[in-house]
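Enquirer: Full structure from sequences and hints, please.
Residue numbers (the working numbering), protein chains in the order written: chain A, 80 to 420; chain B, 48 to 436; chain C, 3 to 372.
A couple of the hints might just be wrong.
[What the hints assert, rightly or not] Mimicking EDC-like on lysine to aspartate or glutamate, the simulated pairs with C-alpha atoms at most 16 Å apart in a straight line are:
hint	chain 1	residue 1	chain 2	residue 2
1	A	Lys354	A	Glu294
2	B	Lys92	A	Asp194
3	A	Lys354	A	Asp344
4	B	Lys92	A	Glu177
5	A	Lys116	C	Asp126
6	C	Lys293	C	Glu364
7	B	Lys294	A	Asp225
8	A	Lys379	A	Asp155
9	A	Lys379	A	Asp344
10	C	Lys365	C	Asp50
11	C	Lys75	C	Asp50
12	B	Lys289	A	Asp225
13	C	Lys366	C	Asp126
14	C	Lys336	A	Asp264
15	A	Lys354	A	Asp343
16	A	Lys112	A	Glu177
17	A	Lys213	A	Asp223
18	A	Lys346	A	Asp315
19	A	Lys112	A	Asp155
20	C	Lys162	A	Asp192
21	B	Lys92	A	Asp315
22	B	Lys92	A	Asp192
23	B	Lys221	B	Asp284
24	B	Lys289	A	Asp223
25	B	Lys164	B	Glu282
26	C	Lys336	A	Glu262
27	A	Lys112	A	Glu160
28	B	Lys221	B	Glu282
29	C	Lys127	C	Asp370
30	A	Lys213	A	Glu294
31	A	Lys346	A	Asp360
32	A	Lys158	A	Glu138
33	C	Lys285	C	Glu270
34	B	Lys373	C	Glu207
35	C	Lys336	C	Asp50
36	A	Lys116	A	Glu177
[Said to hold, decoys possible] Covered stretches of chain B, going by a simulated chain A footprint (3 or more residues, C-beta under 8 Å):
hint	segment
37	107-117
38	191-197
Please keep in mind that the hints were generated in silico from the structure rather than gathered at the bench. As the structure is a computational prediction, the values presented were derived from the model and not from experiment. Don't be surprised by glycine CBs; every beta carbon is placed ideally from N, CA and C.
Chain by chain, the residues:
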Amino acid sequence: MTKIKSLLIALLLSLGVSTAIAGSHGSTLDVVKERGKLMCGSNTGLAGFGNPNDAGVWEGIDVDVCRAVAAAVFGDASKVEYVPTTSKVRFTVLQSGEIDVLSRNTTWTVSRDSDLGLDFVGVNYYDGQGFMVKSSLGVSSALDLDGASVCIQVGTTTEMNLADYFTFHGMSYESVPVETNSEADAAYLAGRCDVYTTDASGLWASRAGYPNPSEHVVLPEIISKEPLGPAVRHGDSQWADIVGWSLNAMIIGEELGITSANVDDMKGSANPEVKRLLGVDAGYGAMLGLSDDWAYNVLKQVGNYAESFERNVGMGSNIGIARGLNALYKDGGILYAPPFR
Amino acid sequence: MKNNFIRKIIFDERSRSLLIQTLTIGIFAFIIYILVQQTAYNLDKRGISSGFDFLNMSAGYDISIRLISFTSEDTHLRAYFVGLLNTLLIAICGCFLATILGFLVGIIRLSSNWLFKNIAYVYVEFTRNVPVLLQIILYYSILLHLPQIKQAIVLLDNFYLTNRGFFMPSPVPKEGFGIVIASLIFAIIASYFLKKYLKKRQETTGRQYPIFLMNSTLIIFIPVFFYYITGMPIEFDNPVLKGFNFKGGMVVRPEFLGMLFGLSIYTAAFISETVRSGIISVSKGQREASKALGLKNNLVMRLVIIPQALRVIIPPLTSQYLNLTKNSSLGIAIGYADLVHGFGGISLNQTGRAIEIMMIVMLTYLSISLIISIFMNIYNKSVQFKGNA
Amino acid sequence: MRSLALNDLSHNKYYNWIVRNFFSTWLNTSLTIIALIFLYKIGTFFLDWAIFSADFKLNFQGQVITDRTMCSKNIAPGEYGACWTIIYARFDQFMYGLYPAEETWRVNLSFFLLPFAIIGFLFDKLPLRKYFIFFTFIYPFIAYFLLYGGPNLTIVETNKWGGLLVTLFLGVTGIGLAFPLSIALALGRRSNMPIIKSICVIFIEFIRGVPLITLLFTANVMLPLFLPEGVNPDNLLRALVAVTLFQSAYMAEAIRGGLQAIPRGQIEAAQSLGLTYWQTTRKIVLPQALKIAIPPIVNTCIGLFKDTSLVLIIGLFDLLGIGKAALADMTWTKLYYEVYVFIALVFFIFCFGMSRYSLYLEKKLKTDNS
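Expert: Okay, structure coming up:
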């Protein structure tokens, strides 16, 4: 009898403990610090944004955001583990706490910000949905696409934009849903569809990988606003601040002319904003729960926004996208970070 | 006294089983309670909304493969029905084709021709030992390598085979077509009574009538006759290549064909095995006896072998139908807009209601499985031994 | 003379066999001819494509193939067959996924030990069977240590696992874990305690009524919602949970079939001898029931092994998933048939082997009983 009794008590106790564990939570920053690395939700593979290179090292402007956060938190941009996510599972992966930040060309929308329990903390690329067709079709405008078959990646905002655009212009189309980028490429190249639609940046990236890029044109119409940016779980504003300001630090770095090459020299600058940013004037790191040299580490190890852009997607890379909207507000773009004070 | 109580619990079967069951219920209830609490807490903490209100919100995406009309402004609920109908469509077509193919292969495997027998054997072994998902993907990629739309293969002038599907003329009924339909219904009813009457005659006089032949003639000729009398009230809407795609007509998409081929070729291999063992189970003596009674070969098959073989075939056939229906959920791999792909995939992603949607999808499959089981059980009862057993 | 020769021929058993099987009637003869033509066409086409006109490491110009544009069939379209170089180039990925190259010996060693762990279960007249069975029980720990890592071995996270490794891992572990669970379910379903019975029935029928893909989705997407924060089983583990539950329901039905075949009289006899329920079950019922149930159990295992390919839909890189990833690589894209035929062949070898084994058992069972 005692045996049965003690077994029962043990059972109840263990169940009780597990509920107690369920009730206690630390802040994301503490969890990340304790773990010793940042869990970053990335694309499964989109050249220029998030993609492992031949050596298996992740590269891209979305990847650079994660590296910046790691540099800010640990002072070491390499302390990141990348979790490739499909467009379908990315939000649940973030919600479940499996990743700390989702930096995966994800569009900031009201429903995602509220209903899905996410918080978007900034924009690292201003994109818009476009169309790519074979140049042999002789199409010069998206308004000529009536009756076309359109390849479209499911689980994204693009399918809604597409439906709205075609309905609004009174055109019909056949949607060919595909799961991933590479399946879309395959279906498009096989001629299953006439048009491939996704964010213009994605179209350029795909086109760069095709056997004959010059046989494909990206049409001029951009049918949607797609501000892409990193997202965190709702409800931890300290962590949201850290991720948001890691990105802002890169943009402010470009505004102030701080690069990874000259950041050490800039520490001696007389500009008070530079002093605050690089931690020469102490106190700003502590506000975020970080060390004072956090932004210095970001700029030193990852570089400013312009460096990241040029390295990954700019005219110098094999993607070849112009700065356009993604130039600083001073240079004709709309990139504008809040002041650092 | 205390000792007695323990003894009772351990050695008395009834009180022991009562204890065990109470404990089980208790533990289950507790686990479920914890899970529900935890989930509610998690949903709340992560700010995920829940509930079924999303079903009435507009879906915002289009589905090209559909049996009922659907635009992006329709609700998620309607998207559910579009998906459900697509699932049922592929399941029914798949079961139909798999049954025909399976019976054919099963009979070939019993043929006396060694080569034929073994070709069928190789087919069975190769298709049933390779995952159905792989086969679906493989057939779909073959279909994607059909000619592109501008180089369509033209069959019989108005049928076009391309990697965007098989385009064909669609019949458009005109005025007076109702009469043809009515005559068809009439013919079917008439053939039913004719069959009854002739069977009765056969029982009293012993004369055999070619009932099947007579009835099929009836069912085919009466509507055809009326069709011509009413002045051929069907027009054909031919597909015409305009701009990017064919306009008009009907189309069978490669996604549907890929699923159909994959599911039916795979399942047919299993069905052929059950058919084969069903036919073998009817003893050779019966065949010889019925031949000795003077029955012709096809009658031996139809009246003696098949009815008895069916008793053995139906139960495993049911589980093959169930498997095929469940496997139709693999449409997601090639973009066939079934229940899991459209409602369970795109709607889930846009609304984030994972629990609600997966629950609906699972319950739907459970109901479909249940309905198939019930119908096959009824059919099974009708083919089993009847009467004075 | 002539008639004598014919006479001789008709006594020849080979001649008779051929006539009976190929040319007995006119219909039969024409079928034979059709089949021969069909075989010739298909056979030559396939052999030519797969072997004679195919590229292995070099193309027809004698160059080493490094990407798809160098395949003979892409240089001279229509004249050449398969380009198997993609299989060579990605062979390690097909076997191990992204497992670190310098650690793959660990995977090889576990692959090598696997047959020894299984063999004791498969053949009951094996010499030293006791030791093999013992090894079966320690193998999971060895394999875990080897594959995942531990003291003295670097840890390889499961997101680096892939290819045949994942396929075999899910198949073997799923079956292994499902086995005890399914025995419990089968016994529970035949229990005379109504509550236990109904729980087992509901569980089994629920699992068998829904497609595996919905279970995988549930495990993948919803498991984290059910569990406390911080408890995050990785993707492979989630798939394993779904696969195990799925397999246990099907296996339980196979075992129930075996249980039903045990005559009621045996159980009553055992009970009248004073054996308890557990003694009866363990010593009398289960050994016999399992023996009868093994062929259908093996059939469910074949089904499960094939079904592991579904995990590609939730983003795991099993054999098929790795194949799709290889095709997504622009260096090798469009070589669909090579990849799919190769994967089909791997699955075929495993599944065909298992189905032969189940046939062998069925035959043995029949001779044992008669």
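Enquirer: Run every hint past the structure and note whether it holds.
Expert: Hints and how they fare:
{"no.": "1", "hint": "A:Lys354 / A:Glu294", "in the structure": "51 Å, violated"}
{"no.": "2", "hint": "B:Lys92 / A:Asp194", "in the structure": "13 Å, holds"}
{"no.": "3", "hint": "A:Lys354 / A:Asp344", "in the structure": "12 Å, holds"}
{"no.": "4", "hint": "B:Lys92 / A:Glu177", "in the structure": "15 Å, holds"}
{"no.": "5", "hint": "A:Lys116 / C:Asp126", "in the structure": "51 Å, violated"}
{"no.": "6", "hint": "C:Lys293 / C:Glu364", "in the structure": "10 Å, holds"}
{"no.": "7", "hint": "B:Lys294 / A:Asp225", "in the structure": "11 Å, holds"}
{"no.": "8", "hint": "A:Lys379 / A:Asp155", "in the structure": "10 Å, holds"}
{"no.": "9", "hint": "A:Lys379 / A:Asp344", "in the structure": "11 Å, holds"}
{"no.": "10", "hint": "C:Lys365 / C:Asp50", "in the structure": "38 Å, violated"}
{"no.": "11", "hint": "C:Lys75 / C:Asp50", "in the structure": "13 Å, holds"}
{"no.": "12", "hint": "B:Lys289 / A:Asp225", "in the structure": "10 Å, holds"}
{"no.": "13", "hint": "C:Lys366 / C:Asp126", "in the structure": "11 Å, holds"}
{"no.": "14", "hint": "C:Lys336 / A:Asp264", "in the structure": "11 Å, holds"}
{"no.": "15", "hint": "A:Lys354 / A:Asp343", "in the structure": "12 Å, holds"}
{"no.": "16", "hint": "A:Lys112 / A:Glu177", "in the structure": "15 Å, holds"}
{"no.": "17", "hint": "A:Lys213 / A:Asp223", "in the structure": "13 Å, holds"}
{"no.": "18", "hint": "A:Lys346 / A:Asp315", "in the structure": "32 Å, violated"}
{"no.": "19", "hint": "A:Lys112 / A:Asp155", "in the structure": "12 Å, holds"}
{"no.": "20", "hint": "C:Lys162 / A:Asp192", "in the structure": "32 Å, violated"}
{"no.": "21", "hint": "B:Lys92 / A:Asp315", "in the structure": "10 Å, holds"}
{"no.": "22", "hint": "B:Lys92 / A:Asp192", "in the structure": "15 Å, holds"}
{"no.": "23", "hint": "B:Lys221 / B:Asp284", "in the structure": "12 Å, holds"}
{"no.": "24", "hint": "B:Lys289 / A:Asp223", "in the structure": "13 Å, holds"}
{"no.": "25", "hint": "B:Lys164 / B:Glu282", "in the structure": "45 Å, violated"}
{"no.": "26", "hint": "C:Lys336 / A:Glu262", "in the structure": "11 Å, holds"}
{"no.": "27", "hint": "A:Lys112 / A:Glu160", "in the structure": "13 Å, holds"}
{"no.": "28", "hint": "B:Lys221 / B:Glu282", "in the structure": "7 Å, holds"}
{"no.": "29", "hint": "C:Lys127 / C:Asp370", "in the structure": "13 Å, holds"}
{"no.": "30", "hint": "A:Lys213 / A:Glu294", "in the structure": "6 Å, holds"}
{"no.": "31", "hint": "A:Lys346 / A:Asp360", "in the structure": "10 Å, holds"}
{"no.": "32", "hint": "A:Lys158 / A:Glu138", "in the structure": "14 Å, holds"}
{"no.": "33", "hint": "C:Lys285 / C:Glu270", "in the structure": "14 Å, holds"}
{"no.": "34", "hint": "B:Lys373 / C:Glu207", "in the structure": "14 Å, holds"}
{"no.": "35", "hint": "C:Lys336 / C:Asp50", "in the structure": "19 Å, violated"}
{"no.": "36", "hint": "A:Lys116 / A:Glu177", "in the structure": "13 Å, holds"}
{"no.": "37", "hint": "107-117", "in the structure": "holds (count 5)"}
{"no.": "38", "hint": "191-197", "in the structure": "holds (count 4)"}
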